[in-house]
Amino acid sequence: MIIVKNYLPPQPYKIFLLFFITRFLFLKISGFDNFQLQPDSIWFNDQSNEVLKGNFNLLRPLFITAPFFSYFQAFIKFTFATHWLIILELLQLVIASVSGVYFYKLSKLILKDEQSSLISCVIFCFYPPTLWLVGTFTQDIWFQSFLIIFFYFFINALQNNSLKNLIISAIFFALTFLTKSHILIFSVFIPVIIYLNKNISFYRKIKFIIFFILISFTATLPYGIYNLKVNKTYVISTNGLGGTLLVGRNEEAYLNHVKLNEITNKQKLRFRDTNYTIFKDIRPKLKDLNPSQIQNLYLGESIKWIISNKKKNLELTLNHIKRFFTPGLSKYWQPYNVWVISLIISAPLYILAYISIFRFLIIDFRENVWILGLALSILIFSAIFYFSGRFRVITLEPYYIIFASYYISNIIKLIFKNFKKI
Numbered sequence: 088m089i090i091v092k093n094y095l096p097p098q099p100y101k102i103f104l105l106f107f108i109t110r111f112l113f114l115k116i117s118g119f120d121n122f123q124l125q126p127d128s129i130w131f132n133d134q135s136n137e138v139l140k141g142n143f144n145l146l147r148p149l150f151i152t153a154p155f156f157s158y159f160q161a162f163i164k165f166t167f168a169t170h171w172l173i174i175l176e177l178l179q180l181v182i183a184s185v186s187g188v189y190f191y192k193l194s195k196l197i198l199k200d201e202q203s204s205l206i207s208c209v210i211f212c213f214y215p216p217t218l219w220l221v222g223t224f225t226q227d228i229w230f231q232s233f234l235i236i237f238f239y240f241f242i243n244a245l246q247n248n249s250l251k252n253l254i255i256s257a258i259f260f261a262l263t264f265l266t267k268s269h270i271l272i273f274s275v276f277i278p279v280i281i282y283l284n285k286n287i288s289f290y291r292k293i294k295f296i297i298f299f300i301l302i303s304f305t306a307t308l309p310y311g312i313y314n315l316k317v318n319k320t321y322v323i324s325t326n327g328l329g330g331t332l333l334v335g336r337n338e339e340a341y342l343n344h345v346k347l348n349e350i351t352n353k354q355k356l357r358f359r360d361t362n363y364t365i366f367k368d369i370r371p372k373l374k375d376l377n378p379s380q381i382q383n384l385y386l387g388e389s390i391k392w393i394i395s396n397k398k399k400n401l402e403l404t405l406n407h408i409k410r411f412f413t414p415g416l417s418k419y420w421q422p423y424n425v426w427v428i429s430l431i432i433s434a435p436l437y438i439l440a441y442i443s444i445f446r447f448l449i450i451d452f453r454e455n456v457w458i459l460g461l462a463l464s465i466l467i468f469s470a471i472f473y474f475s476g477r478f479r480v481i482t483l484e485p486y487y488i489i490f491a492s493y494y495i496s497n498i499i500k501l502i503f504k505n506f507k508k509i
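Residue numbers (our numbering): 88 to 509.
There could be a bad hint or two in this list.
[As the list claims (entries may be wrong)] The calculated lysine-lysine pairs, modelled on PhoX-like cross-linking and capped at a C-alpha distance of 20 Å, are:
1) K164 / K140
2) K418 / K346
3) K319 / K372
4) K346 / K285
5) K409 / K346
6) K285 / K319
7) K164 / K199
8) K346 / K292
9) K398 / K367
10) K251 / K353
[What the hints assert, rightly or not] Label-pair ranges, simulated between beta-carbon atoms:
11) A168 / N424: 19 to 29 Å
12) N286 / I442: 25 to 35 Å
13) Q380 / F119: 20 to 30 Å
14) I297 / I449: 40 to 50 Å
15) S288 / K391: 29 to 39 Å
If you're looking for bench data, these hints aren't it; they were derived computationally from the structure. Note that this is a predicted model, so its numbers are computed, not measured. Glycine included, every Cβ here is placed at the ideal spot set by N, Cα and C.
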């Protein structure tokens, strides 16, 4: 039963305008600049400046950066010169608004209910963590938007047996992992998701899988070959396996995540940017090593710590898993009122999402297995490397909103039904 009689689905341009105006007003009212909310925006800006000077090597001390955002930012600077700040902010508003349109379409594919889809769209439009990302010059809003568009075409391809949509989805998945590489964990699940689909014949499933792999691999060639030539390592997106593991597995990371009450004020300033002394200590060993050898050194140091600190490593792992399931921001790293607000907003969504995902998987596991694969991907990343609330926001929370909206819609219908009886 639809609450509004003669209800007509909103036209795409209306959704686009709703998202655009909401995000534009947030940027203007909040007063934050494009570099204030995320420290990464500073070094992205530096990298794009280097690209303009002809240095296309995105090698950083910890890893080689995924290429999309640094190169794209450089292109905008080159094309629009002194107006680049305004143009890049405008483009981020546009891609976020376009993703809002596809988010609504994706909700309809998943929930198969107009009202629930509209509710999910409205919640996502005003969801604070996503608003927070729109004006910040980092990978985040691009990654989140590309991933939403990917899932729309991917699920559409599986539901409608469409090779065309499968190809489009593969292109957007390539853009997604060339923007931020942790989504590559999910790539392992993609062939399984396609294989389990019940709408496609066996041979066509094989065709889908081959096309998806070929397109994804082809997308890695320009950056991969460049880094093979310049840095002596083939890079799919980034090469930060060892460095990322060391960020999450060292003595100060243990303090940062588990023993927060033992952190000094001086350490707190460093830990906010994961500026651990282990990287300073091993810096002399990095001399004359190529990026692949550097990652092996980082990997060796992290494994050495894990072997020597089995109990602490277990505590770290359990802490990351617990935080993965815990809604809201960090109580330690955020002001108390910000933490409370984030908990009030996200806790109901998480609870309803978990219940709804379980329900959808029970009813039709094959059609909804993709959300299980996506959640497992971020859980695996969190358990092995470290928990990142920002990664969870851009990778998982939009889909939690979709699934939670199924029950939110039912609750609203129940309230209206009882209201009519009064």
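Has the given pair, K398 with K367, been kept, meaning a C-alpha gap of at most 20 Å? Violated: K398 and K367 sit about 25 Å apart, past 20 Å.
So does S288 sit 29 to 39 Å from K391, Cβ to Cβ? violated, 50 Å
Does K346 pair with K285 here, judged by a C-alpha cut-off of 20 Å? violated, 48 Å
What's the verdict on K285 and K319, does the C-alpha distance respect the 20 Å limit or exceed it? Violated, at about 43 Å.
Below or equal to 20 Å on CA atoms is what counts here, so check K346 against K292. violated, 49 Å
Look at the Cβ atoms of A168 and N424 and judge whether their distance stays inside 19 to 29 Å. With a Cβ separation near 42 Å, A168 and N424 fall outside 19 to 29 Å, so the hint is violated.
Is K418 close enough to K346, meaning Cα to Cα at most 20 Å? The hint holds at about 14 Å.
Compare the distance between the alpha carbons of K319 and K372 with 20 Å, and conclude whether the hinted pair is satisfied. holds, 18 Å
Pairwise hint evaluation, K353 against K251, where the allowed Cα distance is 20 Å at most: violated, 55 Å
Note whether the CB distance of I297 and I449 lies within 40 to 50 Å or breaks it. violated, 32 Å
Restraint check for K164 with K199, where alpha carbons must lie at most 20 Å apart: violated, 43 Å
For the pair supplied as a hint, K164 and K140, confirm whether the alpha-carbon distance does not exceed 20 Å. At roughly 12 Å apart (the allowed maximum being 20 Å), K140 and K164 satisfy the hint.
Of the numbered hints listed earlier, those contradicted by the structure are 4, 6, 7, 8, 9, 10, 11, 13, 14 and 15.
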